[in-house]
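Add chain Y to chain R, keeping to what the hints say.
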Amino acid sequence: MIHTFTVNGISIALDIFSGAVHVADPVSLEAIRLYEQHSRDEVIRKLLSRYESNPEVNPGTLGALMDQLDELVRAGQLYSSGAYLNTGVPLPDAQGPIKALCLHVAHVCNLACSYCFAGQGKYQGQAALMSLGTARGALDFLVANSGARRHLEVDFFGGEPLLNWEVVKETVVYGRALEREHNKAFRFTLTTNGMLLNEEIMEFCNQEMHNVVLSLDGRREVHDHYRVDAKGKGSYETIVPKFQEFVKRRGDREYYIRGTYTRRNLDFLQDILHMADLGFTRLSMEPVVTAPDDLEALRAEDLPALFEQYERLAQEMLNRKRQGRSFEFYHYILDLENGPCIHKRFSGCGSGTEYLAVTPQGELYPCHQFVGDSAYRIGTLKKGIVNHALREKFAANTLYSRQECRNCWAQLYCAGGCAANAVRATGSISGVYAYGCELFKKRIECALMLQACLQEEGLA
Amino acid sequence: MKIKTLKTRNLKESKKLGGCGECQTSCQSACKTSCGVANQPCEQEKK
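So the protein sequences, as listed, match chains R and Y.
Sequential numbering of the first sequence, starting at 1, is according to the numbering used here.
Sequential numbering of the second sequence, starting at 1, is according to the numbering used here.
With the rest of the complex left out, here is chain R:
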């Protein structure tokens, strides 16, 4: 299977099952498209007829082009078979190791963002803080269930995790002791709205947190429309100087400035550029996750405008890279040479199998987005996994459990998508959130266009 497309004037043929990426001129792209269904002579005849006014398109050049295509096919880089996926690529294991936890250390928030999927931090439940005992128990649970996995990931999440800062800090200290005892390596991440950031917290996080995710929606008027305190006051003015200081002190360590866009800012490129202009260089911007009838919800008719924003973003990133003032966009990061193996691309995010969320009360859910929905409670820290049938269901939920994914060119970039989004859109984890698919595919096309240009210009 191949996928051909053109973004910002760059034409690309992607060979799905080998992962090969071919940058082609329009004639070559058409030859690639025709190759599968037509003989060599037919392809040459069709192209000569279509490009009769172009002297470069002649039997000699087309013959050489067809030779090149034959060679790519022989090398397994064009029209390669995906049959190998049917044998020997293991499915996620319902009995397998657990390697990542999202710790909901605070089901309470000091902001009241109306678009919050977590119901202003409470996840449709009561306000609560995780005790240190529960947090330590979560790390013990993780180590005990991690098998041979060395890298273990723990994300401090909420609500707003800094409302339970002492527990965050002590949990990290506890984790470091466990590392030595069990030969594990914890990677801690903090996701915060920034309101309570202070010098001590920045210092600690820059020592201990592998990654920090800092919530900022972009331009002041966009950010302050949703991200307000209980009195309705916008948080931009408070957090931006703190984030700038935090990132400055962070040096080369990983961070993301993460925004959400909604129907109110379909021109979200301006928000990304605003973040860049504030001096941030590692950026993420996500489409809002909300009920379809919400005013903020993205609609089908918005897609062309959103696609244009993603294409312009890729071009702007290329321009800025050339000018030496580049920034990264999370969804455009593609390591073509050292990216994930086929096993990872087959198994996806690991929700419900290798990744679980832990509530302040020590309940376990397949991921943070399922927290609060009792139908998806999968166990507790004390009892371990209780709902084995649910875990089996998540383990079996690979990209090949959906016919739509089997036929999709982006299958090995997406791995089947987000189970929580599928439930929200279709009521089932094995459903397909088609709107999300459209955005995802556009982002991958733009990411490939960007990578092609960067490699071509020696800027990768």
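Simulated from the structure, these hints should not be mistaken for lab results.
This structure is a prediction, so every number in the text was calculated from the model and none was measured.
All residues carry an ideal CB built from backbone N, CA and C; glycine is no exception.
Hints are supplied without guarantee of correctness; some may be wrong.
Covered stretches of chain R (chain Y as the covering partner; in silico rule of three or more C-beta atoms under 8 angstroms from a C-beta of chain Y) [what the hints assert, rightly or not]:
id : segment
1  : 65-79
2  : 304-310
3  : 335-347
4  : 366-377
For chain Y alone, coordinates are given in the frame of chain R:
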């Protein structure tokens, strides 16, 4: 007329050596509300 093939990891070949499971869980990085695996670096060499 020319086709330029970018340097990429051969996914078919990665079947033989991949699967160590040490790479980052997708949602632990920056998205939290959507899934993708393509931007997760391979961790095998660091194991």
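Going through the hints against the structure:
As drawn, the segment 65-79 of chain R meets chain Y at 6 residues by the rule of a beta-carbon pair under 8 angstroms; at three or more, the given contact holds. Restraint check on the segment 304-310 of chain R versus chain Y: 0 residues with Cβ-Cβ distances below 8 angstroms, three needed, restraint violated. Coverage of a stretch by a chain is defined here by at least three residues with a beta carbon nearer than 8 angstroms to that chain's beta carbons; for the segment 335-347 of chain R and chain Y the count is 11, and the condition holds. Look at the segment 366-377 of chain R against chain Y: 3 of its residues bring a Cβ nearer than 8 angstroms to a Cβ of that chain, three or more, so the hint holds.
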